[in-house]
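Asker: These protein sequence lines map, in sequence, to chains P and S. Quick note: the first sequence uses my numbering, first residue 37, plus one each step. Quick note: the second sequence uses my numbering, first residue 3, plus one each step.
Simulated from the structure, these hints should not be mistaken for lab results.
Once the Cα atoms are required to be at most 25 angstroms apart in a straight line, the calculated SDA-like pairs of lysine to any residue come out as:
1. P:K160 / S:P213
2. P:K159 / S:R182
3. P:K160 / S:G196
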Amino acid sequence: MALELRDQVSQGAEPAAPVKPADLHAVKNGAAVGSPAGRATSGLEPVVRIRGYGRSFGERTVLTGIDLDIRDGELVALLGASGSGKSTLLRALSGQDPAADGHVVVPKERAVAFQDHRLLPWKKVWRNVLIGVPKGRRADALAALEEVGIASLANAWPGTLSGGEAQRVALARAFIRHPKLLLLDEPFGALDALTRLRMHRLLRELCARHNPATLLVTHDVDEAITLADRIVVISDRRISLDHRVGNDPSARNGTEALALRARLLSELGVDPTHPRHENQEN
Amino acid sequence: MSAFAYEREVVVGKSADDSPPRPVARRLAGGAAGGWRRVWASRWTRFLGPLLILAIWQLAVSVGHMHADELPSPANVWKTGRQLTANGTLTTALLVSLRRVALGLLLGVTIGGGLALLSGLSLVGERLIDPVMHMFRTMPVLALLPLFVLWFGIGEKAKVFLIGWAVIFPIYINLYAGVRSVDEKLVTAGKVLGLSRWGLIRHVILPGAWPQFLTGLRLALGVSWLVLVAAEEINATSGLGYLIINAQNLLETNVIFVGLIVYSLLGLTTDILVRLVERWTLSWRSSFVTK
Numbered sequence: 037m038a039l040e041l042r043d044q045v046s047q048g049a050e051p052a053a054p055v056k057p058a059d060l061h062a063v064k065n066g067a068a069v070g071s072p073a074g075r076a077t078s079g080l081e082p083v084v085r086i087r088g089y090g091r092s093f094g095e096r097t098v099l100t101g102i103d104l105d106i107r108d109g110e111l112v113a114l115l116g117a118s119g120s121g122k123s124t125l126l127r128a129l130s131g132q133d134p135a136a137d138g139h140v141v142v143p144k145e146r147a148v149a150f151q152d153h154r155l156l157p158w159k160k161v162w163r164n165v166l167i168g169v170p171k172g173r174r175a176d177a178l179a180a181l182e183e184v185g186i187a188s189l190a191n192a193w194p195g196t197l198s199g200g201e202a203q204r205v206a207l208a209r210a211f212i213r214h215p216k217l218l219l220l221d222e223p224f225g226a227l228d229a230l231t232r233l234r235m236h237r238l239l240r241e242l243c244a245r246h247n248p249a250t251l252l253v254t255h256d257v258d259e260a261i262t263l264a265d266r267i268v269v270i271s272d273r274r275i276s277l278d279h280r281v282g283n284d285p286s287a288r289n290g291t292e293a294l295a296l297r298a299r300l301l302s303e304l305g306v307d308p309t310h311p312r313h314e315n316q317e318n
Numbered sequence: 003m004s005a006f007a008y009e010r011e012v013v014v015g016k017s018a019d020d021s022p023p024r025p026v027a028r029r030l031a032g033g034a035a036g037g038w039r040r041v042w043a044s045r046w047t048r049f050l051g052p053l054l055i056l057a058i059w060q061l062a063v064s065v066g067h068m069h070a071d072e073l074p075s076p077a078n079v080w081k082t083g084r085q086l087t088a089n090g091t092l093t094t095a096l097l098v099s100l101r102r103v104a105l106g107l108l109l110g111v112t113i114g115g116g117l118a119l120l121s122g123l124s125l126v127g128e129r130l131i132d133p134v135m136h137m138f139r140t141m142p143v144l145a146l147l148p149l150f151v152l153w154f155g156i157g158e159k160a161k162v163f164l165i166g167w168a169v170i171f172p173i174y175i176n177l178y179a180g181v182r183s184v185d186e187k188l189v190t191a192g193k194v195l196g197l198s199r200w201g202l203i204r205h206v207i208l209p210g211a212w213p214q215f216l217t218g219l220r221l222a223l224g225v226s227w228l229v230l231v232a233a234e235e236i237n238a239t240s241g242l243g244y245l246i247i248n249a250q251n252l253l254e255t256n257v258i259f260v261g262l263i264v265y266s267l268l269g270l271t272t273d274i275l276v277r278l279v280e281r282w283t284l285s286w287r288s289s290f291v292t293k
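Can you make the complete structure from the sequences, with help from the hints?
Answerer: So this is what it looks like as structure tokens:
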């Protein structure tokens, strides 16, 4: 796979210039192939550009022929049943999967939050926020923690936090990097329903303020409808649906949302008319 | 073992202070027994066992027909200990032995730790080092003593090197296992967060392996005292082991007892030191977290 990492400069400031080697930071088998076409003009130019992405594990092909663009400030929810390869795609975007096929362009400023918070238990909360931040100061960490509403826990050990608090720290750790691309791998999957609702609101606020391109991997249809600008469904190794959620409130609440929900569920292989549906396992 | 007892003690103390009394335990213990529970919760009751042994010892001397050359009385041993301390014999021997253990530990921890990191962090290191370590590990340390004497003479070197050798293995095995058992998910998170290889080692792998390293250090301390005695009893003109073997030749059983007691106290003291280091550096662990 050719994975291209573009930095901020090559994206905005010199739009017409061809891709210079210095602007590309290729990893692993990194011969960065081709320059991203058509990135010249508008602000609508995609931050993430995936072409012909595929991934096989031995004989088993999990994903194939995936094309996907994500624009600045856009929140794309990636829906799929468990085992559908949605987390695999996210891992490729985070630069952790050199063995995939296809062409992927992502910005260098990325951040990831996982389902398990993955805080280092031997570092206090504020130090966890600063991991990997060059010249990060305590004040920066406090500001980031303030943003997610838990500045008072800066000196706590991660082992003493509740699930929701730990996930807030994980979000602070992601947003302190000012990511152009935010990758969320079922970040609220392990939380109770009430906490999840609070976290949804928090995430919307943070995204509105920082405006990153966001890929939210989830298997929760309602979460996708609540949060996403666009919902992409993966089933049978391909993108089977790419739906843009409307801007008016009825798109997320009311009959339109219900219709969308039914459509997404049937796309995922669940009969929406059945009163107690369960996600398909394959 | 003592670590286990320690942690349990913390839990007992905590539940006694912080949480409301558990009714079931109360009922089982019976009405008046609640007071006894509080007595046993005190950490001073830990000294009861040693005191009991002291009493049995004294009883054996008073009631039994043991000669003082076979089993001296506690009072006799205490007196001898004071005499040996007063004339400087014991203090000198102790300092000499401590120095040997310290140097041996320094050597063994450095080499064992270095090898464990090489082997734990790189495939080449593992392939080259690990099999060799397991080969040497199974050799009885004390059987190597003649060889060490042959190579390094009967001076300090042989003793320090032998202790160093014995210390390498518990350190190596534990630190290696510690490095390898660091949570893969945390390593991935570190990479995604942009840590360099050195950053990963410094912030993720070494702190993750640290608790197991401390376990290795405790084992190493125990082994180092053991090997020291053996080395000092076979050929030495100073040190605790020499004090004991010399007393054996002169049939001074009371001095042998003093030497043995000092050994056990040293073992206890060093163990407490490591425990303090654990308490201080592992405060992030939930079992230590008191809030």
